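Engineer: Line by line, the protein sequences are chains A and U. Residues in the first sequence are numbered consecutively from 1, following this note's numbering. Residues in the second sequence are numbered consecutively from 1, following this note's numbering.
FYI, nobody ran anything at the bench for these hints, they're computed from the structure. Every value quoted in this text rests on a predicted model; they were computed, and no experiment measured them. Take the hints with a grain of salt, since some may be wrong.
Not the full set, but computed from the structure, chain A residues with beta-carbon under 7 Å of chain U [unchecked claim]: (1) Glu37; (2) Pro38; (3) Lys52; (4) Ala53; (5) Asn75; (6) Gly76.
Backbone N, C-alpha and C fix where the C-beta goes; we use that ideal spot for every residue, glycine too.
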Amino acid sequence: MKDHVNTIKLLLISLCSLGILIIASTPPANAGGVYQEPADFINEVFDGKPPKADVLWLNKELKQQIVEILDHKYNGLRVRYWQKQKRSAWVLEEIGKEKKITTGIVVNNGRIEQVKVLVFRESRGWEVRHDFFTDQFRQASLKDDNRLDKNIDNISGATLSVRAIRKLARIALLLDQQVQDKQVSKKTL
Amino acid sequence: MTNRKPKKLTAFLWHRRIGLLALLLVIILAITGIMLNHTEKFRLDETYINNAWLLNWYGITPEDEPVSFRVSNEPESHIISAWNNQLFFDDIAITGLEQDMHGAIGAEQFIVVALDNEIILLSYEGEFIERVSTSISFSNIQRLGKKYKRPVIETSEPLYYIADEHILDWDVISNEDIEWTERYSLDEDEYEQLLVAYRGNGLKLERVILDLHSGRIFGEYGVYLMDAAAIALLWLSFSGLWVWNSRRRKMRRKKHYRKHHRI
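Make a model of the complete structure from these sequences and hints.
Structural biologist: What follows is the structure, given as structure tokens:
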């Protein structure tokens, strides 16, 4: 009889410990923050030897295209980027619900090579940082109407963050296109 | 002496009295309700209130004092201020701030504003050009200065960095011949102008209309006032029905009487 009581006690203690372990290993509701400093991202993209930054000045037409993608006013006259041959890296920001999401985007030969959420300041929607989401952008390029040629699946509960990253990916491709076009026209001159 | 009978407190009488009493509140409820239904069309969320009385009523006053720097590029001169997480070019709100401002200078091509780990570039017309994170070169900015019309940063280490002409890259320099920026004290008029600008972005029209609709604008008991108006509206609907029905019955009775008594 005593043996049975001890076994039940042991079983209960084991169950409680398992419960505590499960609760402790569950990610917190708010998992936002700085995942990677933009400077570290640029360093990583160019294997520790980043090229000098350059800037793309936004003319009226380009700014209008950005406004159309963002669906709101764009504050700024120039955008910084890092480029080596046909590969360019951009650190762009867009508001998810209320706060900015800083995202690093690498474009290679007109197609997205990498999307990485660097800083997430909102309390919800941080799931967009995960590879299962950002990997969807790989090899995406821009169609004539400035939309992505790939379908990017939504994440329930993070719709606004998903929308923001999609917009940033489109803007990075658009800006890269402008940079490449300028360089081609410079060469032909 | 008149033959007038004393008034009976009929439903009609109360319908009229309550209707008159609730008139103003019901008008407010209806108009604000329509406006709130079309927030985007009326641009309620983009329009800011600059009426001093209303701003005082809402208690919109900044918590601390502004930090200002005077920048000049002869013959132009402007005041760059940071106040309650907002950057101002003279009295124009430019952008939100998440970090403290450590200085502003007029460089060759741009106005450069230094924050903890960021640089903001503005044109001399007050246009926002770019916000740059400096973490790729340095962090913990302490002071901003100028040398050869180019911005110079002092970090906490302390190390000194000078920017190139386009403010794209930074080089280490020694602490020599640097003209450091100093805080500028606003005079009374400049302070007042900045206060108006600050408050201009403090209260949206949407907030006022919402508070008018809910009654919160009238204070603690305003909500109950609007509740009373809503109850009055309900009462008016039912009493209106009652009055209409009793009049209809009265008319029917009259018609019936005339028909059978041939008056």
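Engineer: Each hint needs a verdict: does it hold in this structure or not?
Structural biologist: Hints, verified against the model:
no. : hint  : result
1   : Glu37 : 5 Å, holds
2   : Pro38 : 5 Å, holds
3   : Lys52 : 6 Å, holds
4   : Ala53 : 5 Å, holds
5   : Asn75 : 5 Å, holds
6   : Gly76 : 6 Å, holds
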